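A.B. asks: Sequence:
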Amino acid sequence: MTLYPSSRGLTTGLLRQGSARFDLEFDFVEHRLLMRSDSGAAEQMPLHDDVLDEFAGLFAGKQSPVHLFWHSFDLALNRFSGRRASLSAGVDPVTREAYSHEVISFGFWAGSEQVPEPAFYSYTAPEREGLRDEPLSPAVAHTVDTGNGSLALLRYDDLRATADPREALLGFFESAYEAGVRTSDWPGDELAAATEQPGTHGNTR
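Counted from 1, the sequence shown has number 79 at position 67 by the numbering used here; the numbering is strictly sequential.
I should point out that these hints are in silico values taken from the structure, not numbers from a laboratory. Heads up, some of the hints might be wrong.
[Stated by the list, open to error] Label-pair ranges, simulated between beta-carbon atoms:
(1) Q126 / A175: 47 to 57 Å
(2) F81 / R48: 16 to 26 Å
(3) R95 / S51: 46 to 56 Å
(4) A173 / F34: 21 to 31 Å
(5) G102 / P130: 43 to 53 Å
(6) R28 / G142: 39 to 49 Å
(7) G142 / Y16: 37 to 47 Å
(8) S49 / R178: 20 to 30 Å
(9) E202 / R33: 17 to 27 Å
(10) F81 / D201: 25 to 35 Å
(11) P199 / D65: 47 to 57 Å
(12) P199 / S49: 10 to 20 Å
(13) F40 / D145: 15 to 25 Å
(14) R48 / G142: 19 to 29 Å
In this text, all values refer to a predicted model and were calculated from it rather than measured experimentally. Where is the CB? At the ideal position from N, CA and C, for every residue including glycine.
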């Protein structure tokens with residue numbers, strides 16, 4: 013999809029879905045994504061996630077800032093173990109550079125062909141055996157096979173239906189992180205900040 017400059021950021025221009033007409037605008041002045049339709053309906057979501065910021069504060073190792081990733085417009089945060097990743101010889105140069113070090117990534121995206129709805133996600137790279145069998149929180153979170161690895165997902169609509177969406181989202185990110193730590197043998201205790209962990213999962217191992 014092509015994005016065009018607007019007075020406040022980037023816009024899709026007019027889009028059509030059946031009889032509906034709508035547009036999306038990334039407002040970089042007020043840091044939000046606007047969704048407007050010709051029916052008069054309008055919704056917005058922040059481009060800066062306080063929950064991801066809070067989750068980032070629980071980690072003492074190297075990590076990225078919370079950022080809008082250009083490739084698929086994910087709102088993302090990456091945690092690194094500090095160890096180089098072993099990649100196969102046939103990996104393309106872009107992937108080799110992007111995943112040169114072990115990483116567990118977290119974020120939100122508006123959807124794709126494989127996941128056609130808004131969702132929060134996490135993945136571990138490189139993925140080790142057993143990751144797909146690890147438990148996730150809350151119970152509605154699940155793991156899908158993307159064809160290129162496993163993706164832990166918590167649908168936006170499922171999160172909204174929880175009693176405490178903020179705590180549920182923190183618990184999802186923490187459970188996905190713990191799954192990656194356990195299966196990839198990360199030094200979880202060394203990387204944990206001296207802060208109480210969210211949810212009821214306990215400390216990373």
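A.B. asks: Next step is simple, just say for each hint if it's right about the structure.
C.D. replies: Outcome of the hint check:
Under the hint 47 to 57 Å, the C-beta atoms of Q126 and A175, about 29 Å apart, miss the expected range. A C-beta distance of roughly 24 Å is found between F81 and R48, which places it inside the suggested range of 16 to 26 Å. R95 and S51 have their C-beta atoms about 52 Å apart, which keeps the hinted 46 to 56 Å range intact. For the hinted restraint 21 to 31 Å between A173 and F34, the CB-CB distance of approximately 24 Å keeps it satisfied.
For G102 paired with P130, a C-beta distance near 33 Å fails the hint of 43 to 53 Å. R28 and G142 have their C-beta atoms about 44 Å apart, which keeps the hinted 39 to 49 Å range intact. At about 45 Å, the beta-carbon gap between G142 and Y16 stays in the expected band of 37 to 47 Å. Checked against the hint of 20 to 30 Å, the C-beta distance between S49 and R178 comes to roughly 28 Å, which is consistent with it.
In this structure the hint that E202 and R33 lie 17 to 27 Å apart at CB is violated, the actual value being about 53 Å. Separation of F81 from D201 is about 29 Å and conforms to the stated range, judged on CB atoms against 25 to 35 Å. Taken as a hint, the range 47 to 57 Å is violated for the pair P199 and D65, whose Cβ atoms sit roughly 24 Å apart. A C-beta distance of roughly 49 Å is found between P199 and S49, which places it outside the suggested range of 10 to 20 Å.
Between F40 and D145 the Cβ separation comes to about 41 Å, which falls outside the hinted range of 15 to 25 Å. Hint check: R48 to G142, Cβ distance near 45 Å, so the stated range 19 to 29 Å is violated.
Violated hints for the displayed structure, listed by number in ascending order: 1, 5, 9, 11, 12, 13, 14.
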